[in-house]
Amino acid sequence: PVHFIVSFAAGGPNDIIARIVGHYLSDHLGQQVVIENRAGAAGNVGMQSALSSAPDGYTIAFVGPNYAINPALYEKLPFDFIRDSVPVAGIMRLANVMDVDPAFPANNLAAFIAYAKANPGKINFGSGGVGTSPHLSGELLKTMAGINLVHVPYRGTAPALADLLAGQVQVVFDNIPGSIGHIKTGKVRALGVTAAKRLAAIPDVPTIGETVPGYEVSIWYGIAAPRGTPPEIVGKLNQAVNTVLADPKLQTRLAELAGEPMPMTPAEFGKLVAEETAKWAKVVRAANIKAE
Numbered sequence: 003p004v005h006f007i008v009s010f011a012a013g014g015p016n017d018i019i020a021r022i023v024g025h026y027l028s029d030h031l032g033q034q035v036v037i038e039n040r041a042g043a044a045g046n047v048g049m050q051s052a053l054s055s056a057p058d059g060y061t062i063a064f065v066g067p068n069y070a071i072n073p074a075l076y077e078k079l080p081f082d083f084i085r086d087s088v089p090v091a092g093i094m095r096l097a098n099v100m101d102v103d104p105a106f107p108a109n110n111l112a113a114f115i116a117y118a119k120a121n122p123g124k125i126n127f128g129s130g131g132v133g134t135s136p137h138l139s140g141e142l143l144k145t146m147a148g149i150n151l152v153h154v155p156y157r158g159t160a161p162a163l164a165d166l167l168a169g170q171v172q173v174v175f176d177n178i179p180g181s182i183g184h185i186k187t188g189k190v191r192a193l194g195v196t197a198a199k200r201l202a203a204i205p206d207v208p209t210i211g212e213t214v215p216g217y218e219v220s221i222w223y224g225i226a227a228p229r230g231t232p233p234e235i236v237g238k239l240n241q242a243v244n245t246v247l248a249d250p251k252l253q254t255r256l257a258e259l260a261g262e263p264m265p266m267t268p269a270e271f272g273k274l275v276a277e278e279t280a281k282w283a284k285v286v287r288a289a290n291i292k293a294e
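The opening residue of the sequence shown carries number 3 in the working numbering; numbering runs sequentially from there.
Keep in mind the hints are simulated off the structure, nothing from the lab. Please note that a few of the clues may not be correct.
Each pair of labels, with its calculated beta carbon distance range [unchecked claim]:
1. A202 / I18: 14 to 22 Å
2. L167 / N121: 16 to 24 Å
3. G230 / K273: 16 to 24 Å
4. A56 / E258: 32 to 40 Å
5. N121 / A56: 51 to 59 Å
For every residue, glycine included, the Cβ atom is placed at its ideal position computed from N, Cα and C.
Just need the whole structure built from these sequences, with the hints factored in.
Printed below as a string of structure tokens:
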């Protein structure tokens, strides 16, 4: 079988997406794709085990934006992701969303920024933890809009949203799938999505970039293999992933998560990881963020 290593616990977004794709890949490759959850240390434990596996195509790693963020957050990592891995394929893109309590005195992002400038350091924003994509989405907004918000890290976004609904925190940055139900029922007000363009799932919600030009954060997922995996194996895996991404049934499943397929060549996926690593290193340094 092919071992597909997910460096996060079962039931989270990484795991859910890997299982969906793994199911279709099993059918296409004609052999079982086994999901192995190896959680710990912000995804570093599982990735280290994946990258130290034999480079034979039978162990692949599920890759998310944390591998572009962690090099700047951690003083010492047991691996250098770009050096020790081979890019295989892209899977999908998702966005984050900026949620506020419906009672917050700003109906849109421009009004929010004006309010934040008039009340520096008085607005708290919650995220699922230090150095996560939602946390850095908030830090990037602070830098680009010139506002001072106080970050409150939670252990996961669910408790952050619970505190938003209870009025304990005024703003939460979250992955779209976690918030979309609350947005549609009006329990939270979405001020903006972090994607480059509006999302089909919530078309009335503007992008943050419509108010803050150049702002864009996407959560992306893909697959990597250990360094030394032969190009013909990488090519075969890439072709398999891109074939299943074209399957309308798989596209429907990704759309239910408010995601869109991201078919790429290995080189394109490698370029994305390198660009994102450089982008987040700047944000982490500017905000002086350290891993907890």
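- Task: Using the beta carbons of A56 and E258, state whether their distance is inside 32 to 40 Å or not.
- Result: Hint holds: Cβ distance 35 Å, inside 32 to 40 Å.
- CB-CB spacing for N121 and L167 relative to the 16 to 24 Å hint: 22 Å, holds
- Message: Quick check on a hinted range of 14 to 22 Å for A202 and I18, using CB atoms only.
- Response: Once the Cβ atoms are compared, 20 Å apart, the range 14 to 22 Å for I18 and A202 holds.
- Item | Pairwise beta carbon distance, N121 to A56, judged against the given window 51 to 59 Å | 56 Å Cβ-Cβ, so the 51 to 59 Å window holds.
- Task: Please test the hint of 16 to 24 Å on the beta carbon pair from G230 and K273.
- Result: 20 Å, holds
Every hint, counting from the list given before, is met by this structure.
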